[in-house]
Every structure is written in structure tokens, then in C-alpha cells.
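Asks: Here's the letter readout for the chains.
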Amino acid sequence: MTTDILVLLPIIIPMFAGLIMLFIGRRPMAHRVGAALTGLLMLIITLWVIIRVYNSGTMVTFIGDWAAPFGISVVIDMAAALLLLSTTIVTFAIVVYSFQSIGMEREKFYYYPLILFMLTGINGAFSTGDIFNMFVFFEVFLIASYVLITLGGTKIQLQEGFKYIVVNIVASNFFVLGIAYLYSVTGTLNFADIYLKLDNYDGNIIIMTIVAVVFLFVFATKAGVVPFYFWLPGSYYAPPMPVIALFGALLTKVGVYAIARTYSLFFIGNSAFTHQMLLFLAILTIIVGAIGALAYTDMKKVIIYNILIAVGIILTGFSIMDQTATVGAMYYLIHDIIIKAALFLLVGFIIYRTGKVDSERLGGLIGQHPLAGWAFFIAALSLAGVPPLSGFYGKLFIVQSAFENNHYIAAIILLLSSLVVLYSLIKIFINVFWGEDMDFSKLKPVKYDKLLVSSIGLVIVSVAFGLGADLLYPLFEMAAEAFHDPASYASYLTEVE
Amino acid sequence: MKSTLKKAGYSRVQKQMHDVFLQFTSKVVFFIIIMFAFNLFFAGHYTPGGGFVGGLLAASALILLLIAYDRKTLFKMIPIDYRLIITTGLFLSLAVPTLSFLFGTPFLTHQHTYLQLPVLGEIPLHSALLFDLGVFLTVAGTTLLMIALIEGEES
Numbered sequence: 000m001t002t003d004i005l006v007l008l009p010i011i012i013p014m015f016a017g018l019i020m021l022f023i024g025r026r027p028m029a030h031r032v033g034a035a036l037t038g039l040l041m042l043i044i045t046l047w048v049i050i051r052v053y054n055s056g057t058m059v060t061f062i063g064d065w066a067a068p069f070g071i072s073v074v075i076d077m078a079a080a081l082l083l084l085s086t087t088i089v090t091f092a093i094v095v096y097s098f099q100s101i102g103m104e105r106e107k108f109y110y111y112p113l114i115l116f117m118l119t120g121i122n123g124a125f126s127t128g129d130i131f132n133m134f135v136f137f138e139v140f141l142i143a144s145y146v147l148i149t150l151g152g153t154k155i156q157l158q159e160g161f162k163y164i165v166v167n168i169v170a171s172n173f174f175v176l177g178i179a180y181l182y183s184v185t186g187t188l189n190f191a192d193i194y195l196k197l198d199n200y201d202g203n204i205i206i207m208t209i210v211a212v213v214f215l216f217v218f219a220t221k222a223g224v225v226p227f228y229f230w231l232p233g234s235y236y237a238p239p240m241p242v243i244a245l246f247g248a249l250l251t252k253v254g255v256y257a258i259a260r261t262y263s264l265f266f267i268g269n270s271a272f273t274h275q276m277l278l279f280l281a282i283l284t285i286i287v288g289a290i291g292a293l294a295y296t297d298m299k300k301v302i303i304y305n306i307l308i309a310v311g312i313i314l315t316g317f318s319i320m321d322q323t324a325t326v327g328a329m330y331y332l333i334h335d336i337i338i339k340a341a342l343f344l345l346v347g348f349i350i351y352r353t354g355k356v357d358s359e360r361l362g363g364l365i366g367q368h369p370l371a372g373w374a375f376f377i378a379a380l381s382l383a384g385v386p387p388l389s390g391f392y393g394k395l396f397i398v399q400s401a402f403e404n405n406h407y408i409a410a411i412i413l414l415l416s417s418l419v420v421l422y423s424l425i426k427i428f429i430n431v432f433w434g435e436d437m438d439f440s441k442l443k444p445v446k447y448d449k450l451l452v453s454s455i456g457l458v459i460v461s462v463a464f465g466l467g468a469d470l471l472y473p474l475f476e477m478a479a480e481a482f483h484d485p486a487s488y489a490s491y492l493t494e495v496e
Numbered sequence: 000m001k002s003t004l005k006k007a008g009y010s011r012v013q014k015q016m017h018d019v020f021l022q023f024t025s026k027v028v029f030f031i032i033i034m035f036a037f038n039l040f041f042a043g044h045y046t047p048g049g050g051f052v053g054g055l056l057a058a059s060a061l062i063l064l065l066i067a068y069d070r071k072t073l074f075k076m077i078p079i080d081y082r083l084i085i086t087t088g089l090f091l092s093l094a095v096p097t098l099s100f101l102f103g104t105p106f107l108t109h110q111h112t113y114l115q116l117p118v119l120g121e122i123p124l125h126s127a128l129l130f131d132l133g134v135f136l137t138v139a140g141t142t143l144l145m146i147a148l149i150e151g152e153e154s
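Protein sequences appear in the order of chains V and D. The first sequence lines up with residues 0 to 496 when you count with numbering that gives the first Met the number 0. The second sequence lines up with residues 0 to 154 when you count with numbering that gives the first Met the number 0.
Just chain D, with the same shape it has in the complex (with noise of 0.2 Å):
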């Protein structure tokens, strides 16, 4: 946001931007952002949604908040790296469809099983939810690599 203004010709800007609207509406909305990621990451399988989309979404929640505040108080926030983000979620994505070669069955098949719970009554468990995962990991952490290269920092 600093240098964004510094770019448009702000020749004195304050040391930190403060838009107490901006800033105290992200914070509420951001949960409903993430919440809503993570509702179209599960509902994958059977309707419409899955790591791709979900993996967007919780991205851009990030970037509300890095929009909100700065580079830094975002890492404050969350102290995660993007590299190690992307890597975990190809390695994710790569690992179990290759882990299908143990049941004998060819890359990508998937193995399924339905779990019973006290509370929550029937869930199905599918191993395409962990290879979901990964592109979950890989597409948030790009999306959030390429914003932060933009705005301007070194990582």
C-alpha cells in the first residue's frame, strides 16, 4: 500500500496506513472469507468447489488483510513460508497418487472408506481429499507469492 501510493506520486507518506474501516471490516470478514474457502474445499467432491477454487479464495482472504495492513504485521499475523507452502502442496499433490501404486491399482485411483462417529453420524473419508490438499497449498501459496512479489518486497 506504501509504495503503491509512493508510485502514484505521494511524495509524504505516513508511516503506516491507517483506514480504521478498512481494517476492522477485514478482520471480521476475513473469518467469513476463510470459513467459506474452506466450505468450498470440502464440498469438492460431490458438488462444485475443491482445492482449486478453496485454495483461491483462502488466498485471497490473505490479501484482504495484506491490502488492510502491511507485508510485515500480515507476517506478524501468520508467519508461514510461501516457498515451503508451494512445495508441501506438489509434493502433497505428487505423494498420494503415487501412494496408489501400493494398492496395486494405477496412479491416481483413489481409495474410499465411510466412518462412523458418535456425534456426526456417517462420514466418508477419501484419499482425493489429501491430493486436494495439495493443489489447496499450491494455488494459495502462488497466489500469495506472486501478490507479495508485486507489492514490492523482497522475500
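Next up, chain V with everything else stripped away, as it sits in the complex (with noise of 0.2 Å):
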């Protein structure tokens, strides 16, 4: 009874929230409220269903009670809950940057309603265990990101826009593709089952093979690797700071994790090229999104491009796909979300204090704001991954993976592409915060408590989870085993049955 209500609070608690703001109409007060008691509910929801996962294993219930192959299977295992919680902290911090950075015309327009729409679909994407149900999540976010990127209808908006909405359309026909081979092959939609049935098929491998480069392709398109990346920088720049932050912070993730659902479940059988082929596709992420972060001083390009390495990182992790990887892959998955959002936000808060975005026309900052100069500081160590900082241990037990299986490519690039973030993110550092003075009349009078209140609230976030990392271990190892031993994700079925 509680499992069936809890599973599926963190989708339709956000739902509710929006439509009871669309019944009050623009007013964009209320809206503030709604938005930010919603977060704190969800963060208290998501809590609890960590600690319920934690003390009596995977959470499932069966929507319309239909038995599970054949209804559709709300299941929230570790990795899930995780990333729900991660989700709530991020989604609640950028609401209340929001307040002083978005703007009222925006406001007005519904902005609050549709982030809360956007958090519906995440969290659904999260924690559904069907994958047509998966789809379905996706194209519920993915409209509320179309409003969302063109909301305000600035001229590089709808261009950019334009380009994510093509983009984006396109996959998602070869995803309903894709699911249609894997029906035709498997009879079935079920995550769990799909796996069952995978684990003695005995037909033409190939066919699974090109349903699993059909299926790499739609969730590259959207996490932004490689050869599909090029819409991401340009319409990443496109929106407002927290849009950007939304976006940069959860969006590209769901892909990375739906890479990692679908990988570890249902292409198992041909692993020795499509995993191969995954770890090949992350190396060139990395290195193409190294060569973008070191080109640009344009402070959004340099993080945009950051995103790119950590989308690499996190997918070298999963497609080695053993205890130590996915552990890795999960630490650092959960890891980025947080300090992402936090570093984008600090980008936010300069470039509204500022006015510019280039680095170099700004210095000397840290007189005027010293705790947000530190606090850029942090982050930057963090997301290069400076023990004992957040980003440390996913990218020790990667590179430990990567070493232990030969691919010893795949783990120096690792550790050259950390040398990069550093460089990157410290040259902004230094530009901004350090150096000559910049002309202080010149600042923009505006109010910025709240901007500062969520973004360095994120970075002690982020250092928090570095420091509790050994103790949150049992709780990434839940979280991996899922992926790296999928018959225990499909372990609710066998059981049933």
C-alpha cells in the first residue's frame, strides 16, 4: 500500500503542484511559493524513498494492477532513487535562483509551471521500468524543454530553439523505432522481462546489435555524445542562466542514464562490439569536449563544453560495466548533476553582476565578492576531481576499472581530460576573480542574496557528498549493481513468478 502511493509520489506530486498553478492563473507571487514548497516536499519525499530502497530493496508497483510483463511497472531501484534526490536538490536550488535571475515577463508566463512539468518527466524517466513508458517520459520533458528554451522569444532563442526542436523530433522517431524492433524481436516491453527474454534468445545476434546502434543513437542524440553533439553548445547558450542550469544539469543526464539502463539490460549479448563502440563514442566526447572547453573564454561555452568531458566520463564508466565502473559511473553521474547546476549558477551570478559573458573583460571580483570567488574556487577543484572533493572518487574507481581491463587509452585520456577541466575552469578563475580591477562602477545593481544562497548552497552541497562519500559507499554499490548485475534489477519478476 505505502510502496504502491510512494513509487509514485516524485511524478505526480510535481504534476499536481503545476496544474494548481495553471488554475491560479499569472500570478507570479504565488507561483514563487508554490514552486519552492513543492521542492522542500519533494526533497522530503525523495528522502524517504532512498531510505525505504535502502531498508527493504527495489520499490515496485504495477499501474492499473495489472501483473507486471504485461501492465506497465512503475520500479525505483537505488540508482533511481538517487538520482531523484539529486533531481529534487537541483531542481529546488534553481527555483529559488530563479526568483531574483529569470525575470517577471517570464514569470508570468508560466515559467514556474512548465520547470515543474520538465521535473514530472524527469522523474518519470527515472523511475519508470517499462520502455515505451520511457519514451513517453521523455517527450513530457522534452515539451516542457520546448517551451522552456523559447519562453521570452528572443531572436536567438527561437533560432536555437528551432535547431533543439528538429533535433530532438528526429530522435525521438528513431526511439519509437527502435522500440518497435525490440518488440518485434522480444514481444515484450517490461525492462525486466526484455532482459529474461534476452538472456536465452537464440535468433540472429545481428539484429540485436543494430536495435542497440538504433538505440545509441537517439540517447546520444539527446546526452550530446560525439557526432551527435553539435545542436548542444549552440542551444545550451541559447535560454537564461537557470534554463541553462536546468538544462545542462538534468537534461543530458536522463540520456547517459537511459544509455545505461537499456546497455546493461538488453544488449549484453554482442557486449564485445557495442559496448566497445559506446567506450569509443565517450573517449572522442571527452576529447571534443576538452578541445571546446580550452578554445573558449566565453565563460557559458567553457562550462557548455565541460558538460561534453563529463557525459564522456560517466559512459567510459558504463560501457566497461563491471562492480568497480559502475560504481564509479554512479558516483560521478550524481556527482555532475549537483556541481554542474552549482557551477552554472556561479557563471549565472557573475555574468548578471557583470553584464558580460567573456572572462577576459572582467578582474579583480574577489574584493567585491569574495565567498563566491572561493565558492567558484571549490567547484572548479571538484569537478576536476581533487581529493577528497565529490569528483575524485567516481574518476578513481573509472581509471581503476578501465586500468584493471586493459583499456589503458581510454583511462589516460581520463586523466589528461581532468588536467583540462582544471586549466579550463581556474583560467575563468583566475580572469574573473583574480588580476587587474575591472571598472566596479560599471557592476549591475542588482539584487543577488538568493543567487548566491542556492549556488554556494549547492557547492557545500557538493563538498558534503565528497566528504560522506565513504559513508554513502552502500548506497552506490545498491545503486551499481543493478547495472553491472542486471539479473538483480529483474529479480521483482523471477520472484512473482
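Keep in mind the hints are simulated off the structure, nothing from the lab. Warning: the hint list may mix true and false statements.
Simulated coverage check for chain D against chain V, where a stretch passes if three residues somewhere in it have a Cβ under 8 Å from a Cβ of chain V [unchecked claim]:
1. 84-92
2. 96-108
Straight-line Cα separation of at most 25 Å, SDA-like style, residue types lysine to any residue; simulated pairs [stated by the list, open to error]:
3. V:Lys107 / D:Glu150
4. V:Lys107 / D:Leu148
5. V:Lys446 / V:Asp357
6. V:Lys154 / D:Glu150
7. V:Lys154 / D:Ile149
8. V:Lys162 / D:Leu148
9. V:Lys107 / D:Thr142
10. D:Lys26 / D:Ile79
11. V:Lys107 / D:Thr87
12. V:Lys107 / D:Ile149
13. D:Lys71 / V:Arg25
14. V:Lys107 / D:Arg82
15. V:Lys162 / V:Val213
16. V:Lys426 / V:Gly456
17. V:Lys154 / D:Met145
18. V:Lys107 / D:Tyr81
19. V:Lys107 / D:Met145
20. V:Lys107 / D:Leu144
21. V:Lys107 / D:Phe90
22. V:Lys162 / D:Met145
Label-pair ranges, simulated between beta-carbon atoms [said to hold, decoys possible]:
23. D:Phe20 / V:Phe173: 46 to 56 Å
24. V:Phe173 / D:Ala42: 30 to 40 Å
25. V:Gln367 / D:Leu129: 54 to 64 Å
26. D:Phe35 / V:Phe108: 33 to 43 Å
27. V:Phe22 / D:Met76: 19 to 29 Å
28. V:Met103 / D:Ile33: 37 to 47 Å
29. V:Ile459 / D:Ile77: 46 to 56 Å
30. V:Ile204 / D:Thr97: 41 to 51 Å
31. V:Val135 / D:Thr104: 18 to 28 Å
32. V:Ser487 / D:Ile77: 49 to 59 Å
33. D:Thr104 / V:Gln322: 35 to 45 Å
34. V:Ile408 / D:Thr97: 46 to 56 Å
By construction, the Cβ of each residue, glycine as well, lies at the ideal position given by its N, Cα and C atoms.
Work from the hints to combine the two standalone chains into their complex.
Replies: Below, the structure is given as C-alpha cells:
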């Protein structure tokens, strides 16, 4: 009974809140209060979900009371629960950040309900146990993101938003195509059931490889993996800062999560080809991201290319797919959601305060904003993976596993990418906060206390996560189990039978 | 209609288009379409049909009126706020499945019963009807809103 409700609350609550906001109409102040309260409520619920999953294992509910392989089941295992919590933390921080940055005009046109609808879709995609249902939730958050990217209607937003919509619609079409292929092979849509059916699959392995390539095309486009990343730097540059933070922290990670889920459960028959291809693309992503991060002095661009590096690192972990690597990938996934949002919010604060996006034209801000400066410094170290901050553990496990499995090139590129990340971010830090003083009289007189509270709050969460990583290890071990040992994910189905 | 003609290059357009045939026919056809929409909506549980098709059909009936007359006349005939319709629909189709928790069953599990009425005989009652009503309202409201926006006036 409690399980039935609790599993669905992360999907239902934001949607109810968004609907209530639609009912009360264009009243930004009420929307602000509603969105913040929903964020707090969601924090409590997701924490409860984690405790519950930790104590009694994977939670499942069967929608409409249809038994597992036939109806839709919603499954929250530890990986999904951790992702739900980090999504909620980031969304709450961004909602608070939006109060002083997004502007009254956008708030009037249902900005907060859209964020909540997007949260509904993201939470749904994380917690569903059915591949077609996952497609539906992908569409839910994509439609909300189409509106968020164009909300405000400036020229660059419409131009990049159009590109974003076209790319995502093409990818979604191929998603349905891939599901159709998969269904024609296995005759089922349930994750666990597909795994069980494919476990003793004796048909043509090439068909499954083709399905794997189609799925990789779809999710790689959403996650921004290299050959299909072309839309990402442009589209993520266009919307206002809180929306960029939301997209950069969460949307690409949903694609990464989908790759991890499908590549651990479905495509294990021919992993010599599929996982090798995934590893190759991941390494390419890291290299391209590193080139981009070094090439720009524009602060937004640097952080956007850092998204590519992070996606590459996480996918390296998931493509090796043994225990150490998946634990590392889970650590890095959660770490990156939080720290990427924090970095975007800090850069956003600098941009709102100075009105400039090019780091070379700034300088000496440390005298004005010491707290923001040092928070940025810590965030930069954390993203690069300096111990004992949170990025370190993920990279340690992934690199260790890469060496164990003789992927020497991958391990070395991964280590070198940390230096690139550190260099690109410290360059911003030195340009903006040290150096010659810029003209302080040109600083914009904006209110910024909430901007600082939410961005520094996220940095503190990240530091606490890094210091407590050892304590949290059992959780991540549980989370990684679903990926390196897919039979444990499917056990809710086998136990019933 | 007026703005469409203007875009097509007619410089002088009458204050209101009067196509008597279209207007008269659409008044009659409107009711036929609406009745059929509700028929499809209620048939949906056991036979093909349901909230989505019904909603589209109901919206198309209103769009026929919109083509025959104009937006102002349509609003005078049926004064509805599209946003409220969409929101009510979404709320119904989310709240009704959530209420199934009260019966101790998972999300979207429906309850049904049979009712004996004096004239009509046995009538099946199903909570899926309320859910479908939500779908109906959402689809109809969204379609109308889109057409109204394409027609070119601010809502």
C-alpha cells in the first residue's frame, strides 16, 4: 500500500503543483511560493524513498493492477532513487535562483509550472520500468523543455530552439522505431522481462546489434555524445541562465541514464562490439569536449563543453560495465548533476552582476565577492576531481577499472581530461576574480542574495557529498548492482513467477 | 477567415463574411457532430472510441462554427476559457487515478458498478469515465486553443 503510493509520488506531486498553478493563473508571487514548497516536499519524499529502498530493496508498483510483464510497472531501484534525490536538490536550488534572475515577464508566462512539468517527465523517465513508458516521459520533459528554451522569444532563443526541436523530434522518431524493433524481437516492453527474454535468446545476434545502434543514436543525441553533439553548444547557450543550468545539469543526464539502463539490461549479447563502440564514442566525447573547453574564453561556452567531458567520463564507466566501473559511474553521475548546476549558477551570478560573458574582460572581483570567488574555486577543484572533493571518487573507480580491463588509452585520456577541466575553470577563476580590477562602477545593481544562497548551497552540498562519500558507499554499491548484475534488477519479476 | 483573406491579398474585406449556405449548414451539422462526439466518448469503454477521439471531434464541431462565423461570434455563443478547460481536463485525468489509492489499489486502478434505473434499465458506471472526461476536455481545449492562436488573435 505505502509502496504503491510512494513510488508514484515523485511523478504525481510536481504535476499536481503545476496544475494548481495553472488554475490560479498569472500570479508570479503565488507561483514562486508554490514552486519552492513543492521543492521542499519533494526533498522529503525522495529522502524517504531512498531510506525505504535502502532498507527493503527495490520498490515496484504495477499501474492499473496489471501484473508485471503485461502492464506498465514503475520500478525505483537505488540508482533511480539517488537520481531522483539529486534532481530534486538541483531543481529546488534553481527555483530559488530564478526568483531574482529569470525576470517577471517570464514568470508571468507560467515559468514555474513548466519547470514542474519538466520535473514530472524527468522523474518519470528515471523511475519507469517500461521502455515505451520511458519514451512517453521523454516526450513529457522534452515538450516542457521546448517551451522553456523559447520562453521569452528573443531572436537567438527562437533560432536555437528551432534547431533543438528538430533534432529532438528526429531522435524521438528513431526511439519509437527502436522500440518497435525491440518489440518485434522480444514481444515485450518491460525492462526486466526484456532482459529475461534476451537472456536465453538464440536468434540472430546482428538484429540485436542493430537495435543497440538505433538506441545509441537516440540516447546519444539526447545526451550530447560526440557525433550527435552538434546541437548542444548552440542550443544550451540560448536560454537564460537558470534554464541553462536546469538543462545542463539534468537533461543530458537522462540520456546517459537511458544508455546505462538499456546497455546493461538489453544489449549484453554482443558486448564486444556494442560496448566497445560506446567506449570509443565516450572517449571521442571527452576529447571534443576538452578541445571546446580550452578554445573559449566565454564562460558559458566553457561550462557547456565541460558537460561533454562529464558525459564522456560517465559513459566510459558504464561501457566497461564491471562493478568498480559502475560504482564510479554512479558516483560521477550524481556528483556531476550537483556540481554542474552549481557552476552554471555561479557563472550566472557573475554574468548577472557584471553583464559580460567573456571572462577576459573581467577582473579583480574577489574584492567585491570573496564568497562567490572561493565557492567557484572549490567547485572548479571538485569538478576536476581533486581529493577529497566529490569528483575524485567517481574518477578513481572508473580509471582503476579501466586499467584493470586493459583500456590504457581510455584511462590516460580520462586522467588528462581532468587537467583540461582544471585548467579551463581555473583560467576563468583567475581572469574573473584575480588580475587587474575592472571598472566596478559598471557593476549592475541587481539583488543577488538568493542567487548566492542557492549556488553556494549547491557547492556546500557537493562538498558534503565528497566528504561523506565513504559513508554513502553502500548506497552506491546497491545502485551499481542494477547495472553490472542486471539479474538483480529483474529479480522482482522472477520472484513473482 | 477575415485575416486569412487579408493575407491572401484581398485588400478590401467586408466587415464580416456572410456565407449564408455555410452558416446555415454549420448550425445544423454542429449538433450532429457534437452528438456523434459524445456517442464516441461514451462508447469508448467497450467499443472503439473514447476521450481522445471524442475530444477531437467536439473540437472540430466548434472549429466548423469558427470557420462559418468568426471568433467573436463563437465566443458569444459558447463563452469558454480554453486554459481553464485544459487545466480542468488535466486535473481530472490526474486526480481520478490518484483517488484509487483510497481503495488500497495501485495508481489508475478503476472501480465499477452497475446501476438499475427505472426506464433505462441496467447502466454500467465506471470511474474510467471521469478519467476519460479529463482526456476529452484536454484534447478539445488544446485543439481549440491551437486553432484560435493560428487564426491570429491574441487570447
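Asks: Each hint needs a verdict: does it hold in this structure or not?
Replies: Okay, the hints, checked on the actual structure:
| no. | hint | verdict |
| --- | --- | --- |
| 1 | 84-92 | holds (count 4) |
| 2 | 96-108 | holds (count 8) |
| 3 | V:Lys107 / D:Glu150 | holds, 24 Å |
| 4 | V:Lys107 / D:Leu148 | holds, 19 Å |
| 5 | V:Lys446 / V:Asp357 | holds, 22 Å |
| 6 | V:Lys154 / D:Glu150 | holds, 23 Å |
| 7 | V:Lys154 / D:Ile149 | holds, 21 Å |
| 8 | V:Lys162 / D:Leu148 | holds, 23 Å |
| 9 | V:Lys107 / D:Thr142 | holds, 23 Å |
| 10 | D:Lys26 / D:Ile79 | holds, 18 Å |
| 11 | V:Lys107 / D:Thr87 | holds, 20 Å |
| 12 | V:Lys107 / D:Ile149 | holds, 22 Å |
| 13 | D:Lys71 / V:Arg25 | holds, 24 Å |
| 14 | V:Lys107 / D:Arg82 | holds, 15 Å |
| 15 | V:Lys162 / V:Val213 | holds, 21 Å |
| 16 | V:Lys426 / V:Gly456 | holds, 23 Å |
| 17 | V:Lys154 / D:Met145 | holds, 22 Å |
| 18 | V:Lys107 / D:Tyr81 | holds, 18 Å |
| 19 | V:Lys107 / D:Met145 | holds, 20 Å |
| 20 | V:Lys107 / D:Leu144 | holds, 19 Å |
| 21 | V:Lys107 / D:Phe90 | holds, 21 Å |
| 22 | V:Lys162 / D:Met145 | holds, 22 Å |
| 23 | D:Phe20 / V:Phe173: 46 to 56 Å | holds, 47 Å |
| 24 | V:Phe173 / D:Ala42: 30 to 40 Å | holds, 35 Å |
| 25 | V:Gln367 / D:Leu129: 54 to 64 Å | holds, 58 Å |
| 26 | D:Phe35 / V:Phe108: 33 to 43 Å | holds, 36 Å |
| 27 | V:Phe22 / D:Met76: 19 to 29 Å | holds, 25 Å |
| 28 | V:Met103 / D:Ile33: 37 to 47 Å | holds, 41 Å |
| 29 | V:Ile459 / D:Ile77: 46 to 56 Å | holds, 55 Å |
| 30 | V:Ile204 / D:Thr97: 41 to 51 Å | holds, 44 Å |
| 31 | V:Val135 / D:Thr104: 18 to 28 Å | holds, 22 Å |
| 32 | V:Ser487 / D:Ile77: 49 to 59 Å | holds, 57 Å |
| 33 | D:Thr104 / V:Gln322: 35 to 45 Å | holds, 38 Å |
| 34 | V:Ile408 / D:Thr97: 46 to 56 Å | holds, 52 Å |
This entry satisfies every hint, going by the numbered hints stated previously.
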